[in-house]
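Trainee: Taken in sequence, the protein lines are chains A, B, C and D.
Taking this note's numbering as reference, the numbering of the first sequence is continuous, increasing by one, and the terminal residue is 350.
Taking this note's numbering as reference, the numbering of the second sequence is continuous, increasing by one, and the terminal residue is 350.
Taking this note's numbering as reference, the numbering of the third sequence is continuous, increasing by one, and the terminal residue is 350.
Taking this note's numbering as reference, the numbering of the fourth sequence is continuous, increasing by one, and the terminal residue is 350.
Please keep in mind that the hints were generated in silico from the structure rather than gathered at the bench.
Take these hints with a grain of salt, some might be off.
Identical copies carry no separate label here, and so any pair may be met within one copy or between two of them.
[To be verified] Under the rule of at most 27 Å between Cα atoms (straight-line distance), these lysine-lysine pairs were calculated in the DSSO-like manner:
hint	residue 1	residue 2
1	Lys318	Lys74
2	Lys74	Lys292
3	Lys341	Lys292
Protein chains: 4
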Amino acid sequence: MIIVMRVGATQEQIDSVADAIRARGLEPLVMPGQDRVAIGIPASLGNDQRTDLTAVVGVIEGVSKITETSHPYKLASREFHRDDTCVEVKGVRIGGGSFVVMGGPCSVESYDQFSTAAKIVKSSGATILRGGAFKPRTSPYSFQGLAEEGLKILKSVGDENGLVTITEVMSGDMVGLVGEYVDILQIGARSMQNFPLLIEAGKSGKPVFLKRGPSAPIDEFLLAAEYVLNQGNSQVILCERGIIPLDRTYTRNTLDLAAVPVLKEHSHLPVIVDPSHGTGVAKYVTPMAKAAFVVGADGIMVEMHPNPKSALSDGSQALTPEQFLSMMSELKALGAPIASP
Amino acid sequence: MIIVMRVGATQEQIDSVADAIRARGLEPLVMPGQDRVAIGIPASLGNDQRTDLTAVVGVIEGVSKITETSHPYKLASREFHRDDTCVEVKGVRIGGGSFVVMGGPCSVESYDQFSTAAKIVKSSGATILRGGAFKPRTSPYSFQGLAEEGLKILKSVGDENGLVTITEVMSGDMVGLVGEYVDILQIGARSMQNFPLLIEAGKSGKPVFLKRGPSAPIDEFLLAAEYVLNQGNSQVILCERGIIPLDRTYTRNTLDLAAVPVLKEHSHLPVIVDPSHGTGVAKYVTPMAKAAFVVGADGIMVEMHPNPKSALSDGSQALTPEQFLSMMSELKALGAPIASP
Amino acid sequence: MIIVMRVGATQEQIDSVADAIRARGLEPLVMPGQDRVAIGIPASLGNDQRTDLTAVVGVIEGVSKITETSHPYKLASREFHRDDTCVEVKGVRIGGGSFVVMGGPCSVESYDQFSTAAKIVKSSGATILRGGAFKPRTSPYSFQGLAEEGLKILKSVGDENGLVTITEVMSGDMVGLVGEYVDILQIGARSMQNFPLLIEAGKSGKPVFLKRGPSAPIDEFLLAAEYVLNQGNSQVILCERGIIPLDRTYTRNTLDLAAVPVLKEHSHLPVIVDPSHGTGVAKYVTPMAKAAFVVGADGIMVEMHPNPKSALSDGSQALTPEQFLSMMSELKALGAPIASP
Amino acid sequence: MIIVMRVGATQEQIDSVADAIRARGLEPLVMPGQDRVAIGIPASLGNDQRTDLTAVVGVIEGVSKITETSHPYKLASREFHRDDTCVEVKGVRIGGGSFVVMGGPCSVESYDQFSTAAKIVKSSGATILRGGAFKPRTSPYSFQGLAEEGLKILKSVGDENGLVTITEVMSGDMVGLVGEYVDILQIGARSMQNFPLLIEAGKSGKPVFLKRGPSAPIDEFLLAAEYVLNQGNSQVILCERGIIPLDRTYTRNTLDLAAVPVLKEHSHLPVIVDPSHGTGVAKYVTPMAKAAFVVGADGIMVEMHPNPKSALSDGSQALTPEQFLSMMSELKALGAPIASP
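Okay, chain A solo, but in the shape it has when bound (with noise of 0.2 Å):
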């Protein structure tokens, strides 16, 4: 950490500043410049004495800036951990080097629809299938999900095809309930931030797909990965969905797809893209979803409805079957090392 002083701060608040850091038990180093002193302190901080000293020194009259010199996460970061995490689910390997692919409706809405998605995704080579139960809708008036009955549809036809399961759990408390029905814990974009719940999935043990907030900086992400990580849970999955849009008139979102190199140079965890919520949009669903095969992503994750028209919830960006299979040629034309479990 290193703290700027203002282009006249005295040498009393000089001192107050070096006391604050030496009653921490660190040593500051003063750095006499022309116009203004810098301190530096070399130690490596932990993240708790980081934010205490950030605290104490910010409100310290005199000071000008304070700035991180190393990130702020820690278990995500691959400074500490050179290499890939691979998250394995019934063997189904997430990060180990192949492009997984996660396909199925936006909702569970009945055992006929979500099987016959079903038979499409296994029927593709894709291995994950996707449904939601419990469903985060900006309107208390949409269609909000079939709750619990929705979990039991998902883990039969699940089962009934040899497909993992992922599905969203929308607060800590469900954590128990969901997990017992599905492969995979699904945070949403909303729920990026829901402390509760991130501590709660970590504590689950099981793998846990995080997706990034509308307006989070890949920091903040992976701080909300620290979370999961922090309990003792290391398989931790990021996902890039899309962030708050100049404007809404074309596109849904912002897809960022940058932010997949961003992620495997700074972190060890795998990273899977939505194109689907990342666009809002179908017809643009699968150039995104080859665009972040090109830029390195881990996989992604499709919404594919067997009857858009009729869907329930975000029929505007669910694939057709035809679309969706048709994408996954597409992918595999260009090399993705889809893999039939």
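Starting from the known structure of chain A, arrange chains B, C and D on it as the hints suggest.
Mentor: For chains B, C and D alone, kept in the frame of chain A given last:
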């Protein structure tokens, strides 16, 4: 709702849209244009009808654009509820023409710290005491609050000083516990779309103080309020607390003060401004608090700490007791009707 | 255009709107609804009519919302110009199905530097040579370019290597000068709404390479193109170069790759991607360049410097010659139709 | 400037950085840490040195992050110019403790329209008359202004009413012409980084009213001012006019009022607020104008039209004469020192 077709849309496509509308018992009004056709639905749609139609029509070939002709919120809307809502708690009226001040530290740290703060709040003429017991923190390594111990301190100190109390609740399963100790339930910015929490807060029947999410458009903010109202709980207080900034060099958020007259025009709910989080910098709090008053807010929530340098969280945005009292004087000088109970 | 009235708008207010429409020779279509009235204008409006009506109707009491039913751009729109525009410059086709690569340093620094760069560009199979002579720099203290001396170098080196040249022009009064030396006029992101410049570039008849402004919605981008097209110059090339990011910790901008299929759908103009400015970091350029190809761009513009460490501007985003050649190989391996002239 | 190395950076990489610093005659201060090394440069760098070093060091392997310890602007900074700058034009002082009001229509449409507006401005106690002659419009089909004819009207009407005049200049080559007719040159938001224009405005020696770009961080805004100041022109007036909003449903921009105390703290230049563009909606102008005063602005610029319904541009944000006079009364009631000349 109005559906605009693409240039060159076929008669069959137009008929598909009209049929989908008729299938829901509504009458489409087809408007032929020079280049393209628009199709109106003259009736007022319920929210579920609207959501349903948008999904269905949105995937019909030839549709270019769907426009809502009414706002998506209803219970929160002034269009159907002309008079201002006034939330009254133990004799303190929020939204009833007075200017309410909610003060106190970011976190409850100890009985002494909190009691000292409360005495200053009380002496200033402010009527509501704030303090966090469960703290949502971006990093898992930051101070997380005193939990139930903090709630107990909050309640004792509130009672001792005759102040209404408010604290944040972070998950639906905590609503019961928190509601036992405090008068007003706060839902934080990061929880604005924590739907299970909104529903539980609605069911609790307690006054709910809802903060706007950092990237939430006004419509999404009012739809979050709608979740609470829809549970039969009409005691909702809105809080503008800053949106994501262009950069974070000088302020932590961008306080969107125009949201105050916008919200007052389109909703009947009381509107409070939080200049502490809205700027993140103590020295900008007082000017922005005064601005909140002149633009028509019903009050402010301001962080004040007996000793900001030793604060365990958010020290850099907390006012000192002197600054807090001085802010109160400036507000009174401007004519703010700060009511001592 | 559709005008939606407020709930409770009076008949007189509705008549005012209808009268304003009739006063312009158009026929209003009044649609009574349950709560509120909407008024449609079935005819297709010219842009000036639209602008005029929006202003006039927008201030009539009782009007709640005005919705366009068509896009504000016309000459740039694919609705009225189905076929792809192909800009051909000295035998190089931009937009004609090939994938064009524009390479070269940020700034022309000297004949030697630029000639070295050009030889690498040429040898790679790229066909267009870029280099700045007049540099828009955020700080007045940064290197501002070699001005006309740079243009002369650009022209010589382009001619010697048989490469098409492109450089930025920063003001309308410089269009003539710059046009004497280079083949394609570049309008930078910060100049996207420099209207006198757009008009002069349009009048020049030279191909215009228009970069999207950092906070420009797609409609504003296409309206900027419309300024050039409206001068009778149909040779406009669009360039997505990144929009303002959530934060600048890891990238300088957020490259909005979904803008490529959006622009290709709604406009007939060729679309180029600039992954150098789009990320601001050399190591992310190649993956994003490949992504640009798979999402359907007509080409890329990439910064390459013979020796980035000594670059006078933007060194941190320039590829080395080795990285540039390697990117070209990866693009060819993906199947990009990079045409050597 | 402080350079932070990656964890595991080699001694050779550290030496490369130190050598690059020494090669510029500066002394590096290497701070060994537990995980990583930081390298400080205690001297204050000139802006060109800074730019140069950032580019050079930024591409050295092993460098993780470069942090500035001082702001990039110098002439605009209060650190080196403690006293408030007051721009005085024909006896009207901007920045000298009074609260200046600039009023008038968006566009000069005719002598009658403009003269009527001027009389209202004058009678209200406002001292500066605004009106556009050259209009930057998003669409080429919108009204573009009366050009020189508008300037002539501006000058006549200003003279007749004893008002200081201000109008926008859109390009460097127009500075001379516009400067002949008006007292203050306005540089619009979209031109904030039109560097040739900034330079010409600087050379002109006339007072320059510089609007913040819609996506410009404070540092970029002050660097734009620096371009003008750097030409020896110290008469720069800053204007906050709203930044890009989260969405445009209710307001056209988000007025960033906290920018006022931020700018007043870090710069000595006067700061004006434009609540007309800042909100885009007439009914929000007066509350935001009052807020501008209480947060410490040196004045406001407000659009007023004798008959907004017939305005050729921006009618929906213009106040009527009655609303304008009422706003002036409310400002005076708040204590704003509006000086009649």
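Trainee: If a hint holds in the structure, say so; if it doesn't, say that too.
Mentor: Quick rundown of the hints versus the structure:
1. Lys318 x Lys74: The answer is between: 16 Å across copies meets 27 Å, while 54 Å in one copy does not.
2. Lys74 x Lys292: Cα proximity of Lys74 and Lys292: across copies only (15 Å, versus 46 Å in one copy).
3. Lys341 x Lys292: both (19 Å within a copy, 26 Å between copies)
Going down the numbered hints, you'll see the structure goes against none, and every one checks out.
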